[in-house]
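S.K.: Listed below are the residues making up each chain.
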Amino acid sequence: MTRMTFARAINAGLRKSLENDPKVILMGEDIGALGGVFRITDGLQKDFGTHRVVDTPLAESAILGTAVGLAYRGYRPVVEIQFDGFIYPAFDQIVSQVAKLHYRTQGAVRMPITIRVPFGGGIGSPEHHSESPEAYFTHTSGLRVVSVSNPQDAYTVIQQAISCDDPVLYFEPKRRYHDKGEVDEGVDPAAALPMGQARVLTQGTDVTLVAYGPLVKTALDAAAAAADEGISLEVIDLRSLAPVDYDTVVASVRRTGRLVVTHEAGQSGGLGAEVAASITERCFNHLEAAPVRITGFDIPYPYSKLEMHHLPGLDRILDGVDRALGRPNSLSGLEG
Amino acid sequence: MTRMTFARAINAGLRKSLENDPKVILMGEDIGALGGVFRITDGLQKDFGTHRVVDTPLAESAILGTAVGLAYRGYRPVVEIQFDGFIYPAFDQIVSQVAKLHYRTQGAVRMPITIRVPFGGGIGSPEHHSESPEAYFTHTSGLRVVSVSNPQDAYTVIQQAISCDDPVLYFEPKRRYHDKGEVDEGVDPAAALPMGQARVLTQGTDVTLVAYGPLVKTALDAAAAAADEGISLEVIDLRSLAPVDYDTVVASVRRTGRLVVTHEAGQSGGLGAEVAASITERCFNHLEAAPVRITGFDIPYPYSKLEMHHLPGLDRILDGVDRALGRPNSLSGLEG
Amino acid sequence: MSTDETGQGAAAAPEMAETSPAVAHRLIQLITPAGERVSHPEFDFWVKDVSDEQLCSLFEDMTVIRRIDVEATALQRQGELALWPPLLGQEAAQIGSGRSLRQDDFVFSSYRENGVAYCRGVDLTDLVRVWRGNASSGWNPYAINMATPQIIIGAQTLHATGYAMGIQYDGADAVSVAYFGDGATSEGDVNEAMVFAASFQVPVVFFCTNNHWAISEPVRLQSHIQLADRAAGFGIPSLRVDGNDVLAVMAVTRLALDRARRGGGPTFIEAVSYRMGPHTTADDPTRYRDANELEDWAAKDPISRVAALLERKGLLTADFQQHVRDQADAVAHRMRKGCTTMPDPEPMDVFRHVYSTPNSWLDRQQEHYARYLASFGEPAGAATQEGAR
Amino acid sequence: MSTDETGQGAAAAPEMAETSPAVAHRLIQLITPAGERVSHPEFDFWVKDVSDEQLCSLFEDMTVIRRIDVEATALQRQGELALWPPLLGQEAAQIGSGRSLRQDDFVFSSYRENGVAYCRGVDLTDLVRVWRGNASSGWNPYAINMATPQIIIGAQTLHATGYAMGIQYDGADAVSVAYFGDGATSEGDVNEAMVFAASFQVPVVFFCTNNHWAISEPVRLQSHIQLADRAAGFGIPSLRVDGNDVLAVMAVTRLALDRARRGGGPTFIEAVSYRMGPHTTADDPTRYRDANELEDWAAKDPISRVAALLERKGLLTADFQQHVRDQADAVAHRMRKGCTTMPDPEPMDVFRHVYSTPNSWLDRQQEHYARYLASFGEPAGAATQEGAR
Ligand SMILES: Cc1ncc(C[n+]2csc(CCOP(=O)(O)OP(=O)(O)O)c2C)c(N)n1
Ligand SMILES: Cc1ncc(C[n+]2csc(CCOP(=O)(O)OP(=O)(O)O)c2C)c(N)n1
Ligand SMILES: [Mg+2]
Ligand SMILES: [Mg+2]
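Residue numbers (numbering that gives the first Met the number 0), protein chains in the order written: chain A, 0 to 335; chain B, 0 to 335; chain C, 0 to 388; chain D, 0 to 388.
Don't read these hints as lab results, they were simulated from the structure.
These numbers were taken from a predicted model, which means no experiment stands behind them.
Glycine included, C-beta positions come from ideal geometry on N, C-alpha and C.
Heads up, some of the hints might be wrong.
[Stated by the list, open to error] Partner residues aside, some chain C positions facing chain D, computed with beta carbon under 8 Å: (1) D188; (2) L220; (3) G234.
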């Protein structure tokens with residue numbers, strides 16, 4: 000066990016994948032000598048060379064498009080998108096090629112491409128540096144989408160993503176990069192909890208609280224605060240956003256009868272809508288209240304002096320918990 | 000009143016807008032001499048000239064990006080995307096520029112851009128020609144999204160979209176282009192039902208059936224078939240997909256207690272999830288059953304010999320109605 | 000801080016020698032439209048091994064793919080195919096280049112390169128699978144080292160470039176070839192592909208067929224200078240070839256392939272040709288183009304000029320012509336048969352191959368749909384025509 | 000149908016004269032690094048009206064914006080700004096071009112063109128608004144005819160092109176100017192912008208500041224030939240200018256503007272300069288670049304060479320120098336004051352201006368959030384620091 004930052008854990012996982020499989024190639028802007036703007040690839044080009052860790056010209060569509068060609072040739076490209084807001088120029092290649100080629104070719108061509116995306120806000124950055132675009136990808140068939148919340152999972156899941164034969168978007172909660180945790184580098188990714196499965200972080204009886212990525216920490220804080228008030232929250236870290244491991248969530252909601260789901264992305268059409276709709280379908284007779292979504296607003300990501308209003312915090316989540324429990328809350332007395 | 004096709008009605012609406020406002024400019028691939036691959040702009044370049052109806056080079060990002068520049072200069076560009084699957088190269092300009100510039104500039108710069116997208120399947124085309132990408136845009140704050148289902152609305156709403164100061168995606172159900180209907184060309188778009196509002200097409204008491212675009216016709220057929228079995232469906236044509244006119248849907252579901260929502264797009268993270276989640280939030284105590292989604296599968300659009308399996312048809316919708324009503328249906332006896 | 004308003008007396012401005020427009024390329028030609036073999040100081044070299052026999056075989060291939068085109072168009076008219084994108088007029092560009100490739104080279108093409116697929120050895124039935132609506136890929140790309148033809152304009156140029164990066168990493172001497180049209184040159188992807196190819200000096204050939212039209216848009220809307228000039232600005236050498244001259248196309252392609260194999264990096268080829276037919280069977284070119292243009296180009300037909308050359312050489316015997324006709328008919332027949340006897344897919348195929356790993360979302364939908372089909376009282380596999388109910 | 004395996008004896012292949020790489024541009028220079036005014040047959044014409052007084056004023060502007068840069072960097076270090084993208088070393092490129100524009104021209108720039116904004120008459124407080132986190136746009140674009148600086152690399156080149164289409168439709172003689180970096184030239188958008196600009200021959204100037212770096216990536220990764228060469232392939236004339244020479248930059252910009260005004264279409268300018276500082280205050284260039292490189296470029300500093308020229312002309316008096324220093328200090332002071340006294344936004348501002356028409360989704364969220372804030376017992380407007388609770 001080693002104590003390391005979230006960022007370092009990804010770095011260690013990438014290193015392991017580079018070591019274990021000569022077909023793994025890292026590609027992206029500034030990932031070489033600089034080690035990426037977040038230093039996630041620090042030292043890797045030095046150790047593996049410029050053919051394994053490739054600084055690319057500044058063109059996101061080309062990064063993904065050439066990754067497709069490399070996958071055609073049997074490689075496993077691991078692409079870094081510098082910030083969430085810079086993934087859109089590559090959207091066509093991701094949606095029309097990466098996601099669809101396996102289906103298109105009746106399984107003949109595999110696209111084992113991992114797309115690393117530092118995402119989410121809370122770091123005081125200007126526009127385009129704090130977005131949460133995950134719902135665009137969870138709605139795109141052919142892709143798998145994951146997001147992890149702690150260094151150990153970061154380390155393990157990046158390796159699972161890279162060895163997965165399907166394309167995976169790996170969303171990294173950038174405001175947690177400097178959080179530290181224990182990481183067992185001896186973990187065998189194949190034996191660990193599969194990346195498609197959610198994890199129950201705290202067992203609880205009153206409300207199921209579903210979170211992923213950066214808000215898992217917030218959710219755990221909320222659970223601690225709620226416990227002080229005698230409310231028992233079951234916090235679930237989704238980990239896999241597409242597909243969502245509904246079995247785990249369903250089992251929880253059947254016990255608690257109440258669901259709160261939280262994310263930074265805007266509410267309308269966000270992943271919370273999908274979770275709420277699917278859980279309602281599967282647990283209708285167990286639900287004591289409508290699932291509650293505590294999310295970012297339906298706005299472009301705001302300038303940083305306002306971002307803490309947009310981002311769900313502890314108190315907004317607890318207000319949602321109160322709503323789920325039918326306790327007094329900010330919307331008490333409002334109809335529809 | 001004139002009887003005309005859906006396609007012709009859009010053409011007439013575009014012509015009206017070109018006549019009424021010299022700042023309106025049509026742009027797109029093959030929209031000039033050819034009149035577009037669907038002939039929606041037939042005759043317009045001949046009558047308004049090459050500066051009002053602009054054949055552009057083959058580059059979607061540029062089409063949207065130059066539309067942004069034209070909007071900066073005070074124009075109202077109306078962009079044609081040739082087929083749904085070709086909108087993705089423009090995704091960055093739509094999401095990061097068109098949708099956000101008004102917010103970014105604190106309201107100083109308006110983006111009255113209309114993006115026309117023939118969408119949906121059922122026409123026997125190869126890949127990329129039958130997609131339903133609306134959920135990517137309904138989840139994008141700063142955009143408005145509409146889809147219409149009949150020639151009169153097509154005629155009126157295209158004009159409302161063009162005169163709207165916000166950017167609007169106007170999704171045209173291409174498999175209905177040849178459907179005919181009565182169109183009153185004298186309608187004043189400003190006095191007609193606003194484009195943000197849904198329309199109740201058939202009043203019913205048992206189940207609220209929500210559809211939009213191409214499936215409105217299917218929904219009406221389903222309502223007729225259900226009526227034969229003594230089941231009364233209230234069919235709502237959403238018309239506006241972002242924002243959804245929830246007031247209209249809520250009023251209906253409060254009466255019926257049951258909701259079925261249908262679309263061609265894949266289920267997970269589709270607009271149906273958003274509608275189901277929001278209606279559950281607002282109508283929880285009125286709901287007799289979980290909202291039911293009858294949608295396309297979570298697959299890339301399949302080749303045409305299989306598309307009728309993917310597309311929700313009359314019988315799949317009725318099966319969903321049975322589920323909402325707790326009547327025997329294909330999933331009877333299944334748990335969760 | 001001030002703003003310049005002088006508005007320089009522009010009439011008096013000196014000529015601007017600094018801004019040199021790109022130098023026009025000479026069109027490389029080895030066979031004139033009249034079928035005369037003209038010698039070329041540089042490019043004769045690249046086809047010096049082409050024997051009379053090979054010339055005959057090139058003629059045969061071009062004739063066969065034209066016949067395929069005719070047959071496929073007929074199949075479309077008869078309702079057996081939903082759509083077909085004819086290559087009429089572009090036979091030399093496709094056969095000349097396609098025949099120059101090695102088996103371990105890899106092709107990334109658009110929807111129109113059926114002639115190239117023929118050179119790669121495609122199964123004839125596979126040629127029409129997509130257009131009948133029976134598949135999204137006609138063939139397994141690895142079976143003939145040719146990717147599924149691309150519909151998203153220009154996207155495949157990046158795939159070709161990435162594939163070439165892989166060749167380079169492997170230390171192999173194969174070449175990746177991207178085929179695309181004149182219209183495609185406007186797409187960001189094609190330009191980004193040139194950036195990457197030049198930057199990494201990878202073994203890729205950009206083969207641009209300038210058939211003068213992108214559906215209804217003439218090439219001058221995409222560029223008012225020659226397309227071959229585009230590449231120089233990326234540091235990529237380019238060649239402009241008479242795309243209706245099968246020998247010249249072969250020569251430039253071989254040169255480009257050879258350079259790539261020897262580590263010389265990418266080459267851009269503009270093959271100047273003409274789309275003699277509609278964009279697809281769904282298109283009506285009379286709405287946007289002049290019949291005269293078609294006539295002009297008919298005079299430069301790629302097949303007639305080889306026929307004329309063979310004639311001059313005394314090779315166009317009645318026997319040979321009959322052989323070619325028979326061959327074309329046989330191919331057309333096989334394709335038609337393959338097309339019309341193709342089995343329909345099974346309903347549940349709709350769920351296959353989305354993922355190569357299990358997926359709980361989709362598995363559930365599949366299970367539900369199977370139950371749904373079964374609720375009509377038929378086993379799922381037998382319900383082919385029932386899904387739409 | 001067969002596959003070519005001959006593998007031509009490539010060693011014997013003749014040289015390929017057809018593939019001409021683009022011709023290297025001569026670097027246009029009017030003031031040497033040593034401050035000598037050198038005459039130029041074509042470009043002297045474009046600056047013949049620049050008086051000693053104007054030269055002094057150019058020097059002043061460059062000095063002021065360098066001072067702005069220093070002040071903003073200090074503000075960042077002191078925690079008053081979150082980030083700052085310095086333009087150190089690029090003063091001549093920005094002032095020389097910015098001062099050439101007419102008021103009714105319109106600028107679309109990246110985040111780095113603060114010197115251009117200064118020429119446009121930006122309010123000093125507005126320069127730092129975005130970097131303090133108080134706004135996503137520092138200013139109202141129509142107030143100074145300069146768009147909100149673009150963060151998405153290259154996207155603004157399309158906006159500039161579209162704006163120029165509008166100028167053309169209006170029959171006006173204004174010009175739209177796109178500023179972007181060397182890294183941006185790899186983005187599809189920039190290349191598509193050139194396609195559209197050339198196709199429609201609209202009045203746009205593409206002003207590319209080649210500062211040799213895109214964060215940690217050297218310009219040779221984007222292109223191994225000169226960036227000015229890129230434009231020729233689109234049929235756009237280009238100029239390569241010493242970007243550290245304010246007069247030369249002015250000359251080429253004026254020429255390009257004049258051509259555009261007279262209907263001559265787009266021009267591409269590569270201003271060769273150097274990013275003397277970090278990419279932004281968050282960057283650490285020692286990780287990826289050699290200190291020697293910096294030294295080389297320090298010798299070509301854009302301000303010192305104008306100072307040397309003024310010295311030669313006897314214009315660099317102590318009085319003048321003091322005046323410039325005072326002016327720079329005053330500007331820096333005003334900017335600092337504007338920065339530190341800027342009022343914080345109100346919480347509910349987060350919902351403003353998303354739409355210009357009412358929106359039921361957002362209105363509801365706004366109403367709910369107001370209730371939420373009120374539930375803490377404070378009126379919504381007073382809860383600025385409370386949102387994160
Ligand atoms: C991204 C994208 N935009 C638009 C289309 C629609 N489309 C199909 S073919 C075509 C014209 C292509 O012209 P060109 O590149 O010259 O190839 P050609 O058809 O002439 O072989 C267009 C616009 C598409 N398939 N993909
Ligand atoms: C689409 C996109 N990709 C990546 C980035 C991250 N990024 C910001 S600045 C920059 C380098 C830009 O270099 P250049 O164009 O040379 O401009 P310079 O910063 O040198 O002025 C990068 C990669 C971005 N802002 N937008
Ligand atoms: Mg073409
Ligand atoms: Mg730069």
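S.K.: Now tell me, hint by hint, if it's right for this structure.
M.R.: Verification of the hints:
{"no.": "1", "hint": "D188", "result": "holds, 6 Å"}
{"no.": "2", "hint": "L220", "result": "holds, 6 Å"}
{"no.": "3", "hint": "G234", "result": "holds, 4 Å"}
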